[in-house]
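Add chain B to chain A, keeping to what the hints say.
Top line first, the protein sequences correspond to chains A and B. Mapping the first sequence onto this note's numbering, position 155 (from 1) lands on 158, and the numbers just tick up by one. Mapping the second sequence onto this note's numbering, position 55 (from 1) lands on 58, and the numbers just tick up by one.
Don't take every hint at face value.
Taking beta-carbon pairs under 10 Å as the criterion, some of the chain A residues facing chain B (in silico) [what the hints assert, rightly or not]: (1) A50; (2) D102; (3) T119; (4) C339; (5) L444; (6) R446.
So the derived label-pair ranges between C-beta atoms look like this [stated by the list, open to error]: (7) B/D265 - A/S96: 54 to 62 Å; (8) B/A245 - A/R383: 55 to 63 Å; (9) B/A103 - A/R383: 18 to 26 Å; (10) A/P27 - B/Q438: 31 to 39 Å; (11) B/E110 - A/T399: 30 to 38 Å; (12) B/E110 - A/R113: 32 to 40 Å; (13) A/R62 - B/A46: 48 to 56 Å; (14) A/R62 - B/Q438: 36 to 44 Å; (15) A/R97 - B/E89: 52 to 60 Å; (16) A/P445 - B/T460: 48 to 56 Å; (17) B/P27 - A/G115: 47 to 55 Å.
Source of the hints: derived by calculation from the structure; they are not laboratory data. Computed from a predicted model, the values in this text were never measured in an experiment. We put the CB at the ideal spot given by N, CA and C, even for glycine.
Each chain is listed here by its residues.
There are 2 protein chains.
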Amino acid sequence: MSAELPSPSDDVLTALTPTARMRPSTSLLTDRYELTMLQAALADGTAHRHCVFEVFSRRLPHGRRYGVLAGTGRVLEALADFRFGEDELEFLSRHRVVDAPTLAWLEDYRFGGSITGYAEGEVFLPGSPVMVVEGTFAEALLLETLVLSVLNYDSAVASAASRMTSAAVGRPCLEMGSRRAHEHAAVAAARAAVIAGFAGTSNLEAGRRYDLPTIGTAAHSYTLVHDDERTAFASQVAAQGAGTTLLVDTFDVAQGVRNAVDVAGRDLGAVRLDSGDLLQLAQEVREQLDGLGATGTRIVVSSDLDEHAIAALAVAPVDSYGVGTSVVTGSGAPTCGMVYKLVAREGRDGTLEPVEKASARKGSVGGRKCAARRLDSEGRAVEEVVVTGPDDAVATWTPAEAELRRLMVPLVAHGAVDTRWTGAVGVANAVERHQASRAELPRGARRLSVGDPAIPTTVLRLT
Amino acid sequence: MSAELPSPSDDVLTALTPTARMRPSTSLLTDRYELTMLQAALADGTAHRHCVFEVFSRRLPHGRRYGVLAGTGRVLEALADFRFGEDELEFLSRHRVVDAPTLAWLEDYRFGGSITGYAEGEVFLPGSPVMVVEGTFAEALLLETLVLSVLNYDSAVASAASRMTSAAVGRPCLEMGSRRAHEHAAVAAARAAVIAGFAGTSNLEAGRRYDLPTIGTAAHSYTLVHDDERTAFASQVAAQGAGTTLLVDTFDVAQGVRNAVDVAGRDLGAVRLDSGDLLQLAQEVREQLDGLGATGTRIVVSSDLDEHAIAALAVAPVDSYGVGTSVVTGSGAPTCGMVYKLVAREGRDGTLEPVEKASARKGSVGGRKCAARRLDSEGRAVEEVVVTGPDDAVATWTPAEAELRRLMVPLVAHGAVDTRWTGAVGVANAVERHQASRAELPRGARRLSVGDPAIPTTVLRLT
Chain A
4 MSAELPSPSD DVLTALTPTA RMRPSTSLLT DRYELTMLQA ALADGTAHRH
54 CVFEVFSRRL PHGRRYGVLA GTGRVLEALA DFRFGEDELE FLSRHRVVDA
104 PTLAWLEDYR FGGSITGYAE GEVFLPGSPV MVVEGTFAEA LLLETLVLSV
154 LNYDSAVASA ASRMTSAAVG RPCLEMGSRR AHEHAAVAAA RAAVIAGFAG
204 TSNLEAGRRY DLPTIGTAAH SYTLVHDDER TAFASQVAAQ GAGTTLLVDT
254 FDVAQGVRNA VDVAGRDLGA VRLDSGDLLQ LAQEVREQLD GLGATGTRIV
304 VSSDLDEHAI AALAVAPVDS YGVGTSVVTG SGAPTCGMVY KLVAREGRDG
354 TLEPVEKASA RKGSVGGRKC AARRLDSEGR AVEEVVVTGP DDAVATWTPA
404 EAELRRLMVP LVAHGAVDTR WTGAVGVANA VERHQASRAE LPRGARRLSV
454 GDPAIPTTVL RLT
Chain B
4 MSAELPSPSD DVLTALTPTA RMRPSTSLLT DRYELTMLQA ALADGTAHRH
54 CVFEVFSRRL PHGRRYGVLA GTGRVLEALA DFRFGEDELE FLSRHRVVDA
104 PTLAWLEDYR FGGSITGYAE GEVFLPGSPV MVVEGTFAEA LLLETLVLSV
154 LNYDSAVASA ASRMTSAAVG RPCLEMGSRR AHEHAAVAAA RAAVIAGFAG
204 TSNLEAGRRY DLPTIGTAAH SYTLVHDDER TAFASQVAAQ GAGTTLLVDT
254 FDVAQGVRNA VDVAGRDLGA VRLDSGDLLQ LAQEVREQLD GLGATGTRIV
304 VSSDLDEHAI AALAVAPVDS YGVGTSVVTG SGAPTCGMVY KLVAREGRDG
354 TLEPVEKASA RKGSVGGRKC AARRLDSEGR AVEEVVVTGP DDAVATWTPA
404 EAELRRLMVP LVAHGAVDTR WTGAVGVANA VERHQASRAE LPRGARRLSV
454 GDPAIPTTVL RLT
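Bound conformation, chain A alone (with noise of 0.2 Å):
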């Protein structure tokens, strides 16, 4: 996938067809006061206007350079499943969360609108419009909920994931959190990880769902049901073939590298490292490792690593590394903060008018707005430029410019959602562009130490 991507076409377009019907509904996965709001809107007109509804970030977590986008491929495939069934209408119904004009309205509710957005997997700053919804007020409304919880929880994870990546520099980082997860979110966060540069997943579910590789051979408990180390590692060899990786920390590290090697060979794929001073032991299970003579056996760490662990290691004779909790809780920031904010929206005389919340300190501005990252001769991003201005303008915006790099993509239009933001498909789109987009940041970018977004924001006010 290139930055330049080919307009559309109707077979990638597909329409919500009645075969999402097979599936469980996504549409009661949101807040009761987005139905409430409608029952009121519908009754006095205003769920009619057009509006234009835009996701952002206000802030970065504390010292993060960048945020990475992940989530859109999810949000349209919940969008196909968004939609009011028997047992939805029944539940909203029997406790009386709206009326009956509002029940009739929902029975045949489709998303009908238009929504564009930066490509999953591109690199955001604060207040860059990551997607904006257009349709209705009733229409696009519905979506907040289910838009912000994909969006934030996977966009966390893929943002913290970036960074271990590019501690790693090189090294495959493998995703192994999903016990510290919820169990499902567990499958978006293996999806965020690789997207974010990470070499595959423990996750079946995601595995399955998204085509990404799993990897996984065998924990402690392996071990210890066995009579002893030696058994379970022939057991585990005769099972997966000497190229697999045994774990080998279960009771003394030295011993337990001699019984792999003893067992499998020198052709023995890999020994894990889940416990310890992992620098030293890495070194010293190398050292023993070479001179049993198995000098291409690769050596998996495992045991609470951070982007800081990985960056640490990045002396020592490590292969790969194995990374849980802190990848699928955004290693300290577990959701992104990100908003759904109506910026426009048709007024009394039919033509769409900014809006923005004044008080306190979270105001937003209004008015529809779009993106695009300068880059530098050498084409390294140098600022983030968020346009403003006239809506039409705004909406028909197109980069004259050779070194502003458009961000906004179509995602959904009138309702048919395009194809190739979705399933393993999109994710193969994603991988790329978090590649490509990290690649294009300025150096600084990738430290890991507290500072500033790695490049400013800027206003580009059309006329």
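Okay, now just chain B, sitting in the frame of chain A:
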């Protein structure tokens, strides 16, 4: 529900029925290594060894005084759908995750073992054996990842939520964080928050699934889509009655409050403040409301609240707290770090033997455990007693001393799930359990400041 539970009788025990086949399988929500271990263990026979796995936390998050167990009911619900259907087997076969004999074994898989544990909602301490899973190595091993995903996330939320409801000292806390968590994690978070004392949630799916009170009226976008605030308020009151909650901080708060009372009258249910200096603002708004004669109108606040912000508002005339990000992300501790460890397994001679991992500092104590809480003469908890010793003695141990409250309850008996812990009934029981368990803690336990575990954990070794 009292601490003394009746034994499960036939009518509360539900076998895992074929109707579970209609729901999506949960069996691939797991790490690949559970299946590769299974294959090797099936081949060498250890798969059939009787085993005891234990779930526990090595430590509480920094400075926390207690944890709250949540997710037990969800584990049991997920267990009913943990089966390998055609689609799952096809994936495992196509990607060569396991061999043909393992696929054949998985096709017939149903968990036929037994599970005991702390009742959901119970307070736990480091080392508390909150869940004990017993069965063959194969059947118990397969549940590891899913059990941990559920308990780690749900308990992280409940542990944070309990601090918030403590800090609120009787004022209702309302869970509104769906948008800051994965869309399905949000449902679990709502459930866990309610278990820890929250009065309701904005999440409709959680309301539907667990029969929780749902709340919510309007957001800033609702005001902004209208021509002005008065029109928006009037329309909301027309749709929802004067008892509704009006969001008064879209423009100017004082004007918002005037508009609200003008439009809804003195019987206005509540106003909501979602920004600004809530301590001062609540004071001003209360005076203004009283001055307008709306003395019964309540004040709801909801701007980035956590337990500390709630405590700081104790002196403000606030009637309820809307809590978002911090509760669904565990207020700084988004996972519990619970582990699922093999503690005993059948040896060659057919008897259960304790096992433990020896290397590094991760060493856990081998052997089956159970637990009781020691109470003083006034019914205050004074210590967590973890019972170890010969397997039979621990398995059948009942506290003889009146001041020892038994903590383990039966959850699954030979594959049959005790439905007192599932669905809406399970949540209601967990709410009661948490309330009673927290009330029993020494007074200092509910302080928010950094401290040690509320009660020490001691080991009682049976002979």
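Against the structure, the hints:
Here the hint on A/A50 is kept, as its CB sits about 8 Å from the closest CB of chain B, short of 10 Å. Below 10 Å, beta-carbon pairs count as interface contacts, and A/D102 has one with chain B at about 8 Å; its hint therefore holds. Of the supplied interface hints, the one on A/T119 is violated, with its beta-carbon coming no nearer than about 19 Å to a beta-carbon of chain B, more than 10 Å. Checking A/C339 against chain B by beta carbon gives a least distance of about 8 Å; that is within 10 Å, so the hint holds.
Nearest Cβ of chain B to the Cβ of A/L444: about 27 Å, over the 10 Å cut. The hint is violated. Given hint, A/R446 at the interface with chain B, is violated; its Cβ is 31 Å from that chain's nearest Cβ, farther than 10 Å. Look at B/D265 against A/S96: about 33 Å separates their beta carbons, and that is not inside 54 to 62 Å. Checked against the given bound of 55 to 63 Å, the beta carbons of B/A245 and A/R383, roughly 59 Å apart, stay inside it.
As the Cβ distance of B/A103 to A/R383 is approximately 54 Å, the hint placing it in 18 to 26 Å is violated. Separated by about 33 Å at the C-beta atoms, A/P27 and B/Q438 satisfy the suggested range of 31 to 39 Å. In this structure, B/E110 and A/T399 break the distance hint of 30 to 38 Å, their C-beta atoms being roughly 57 Å apart. Between B/E110 and A/R113 the beta carbon distance is about 39 Å. The supplied range of 32 to 40 Å therefore holds.
The hinted window of 48 to 56 Å between A/R62 and B/A46 holds, with their beta carbons roughly 54 Å apart. Between A/R62 and B/Q438, the C-beta spacing of about 38 Å keeps the proposed range 36 to 44 Å intact. Between A/R97 and B/E89, the C-beta spacing of about 35 Å breaks the proposed range 52 to 60 Å. Hint check: A/P445 to B/T460, Cβ distance near 51 Å, so the stated range 48 to 56 Å holds.
A hinted range of 47 to 55 Å for the beta carbons of B/P27 and A/G115 is inconsistent with their spacing of about 28 Å.
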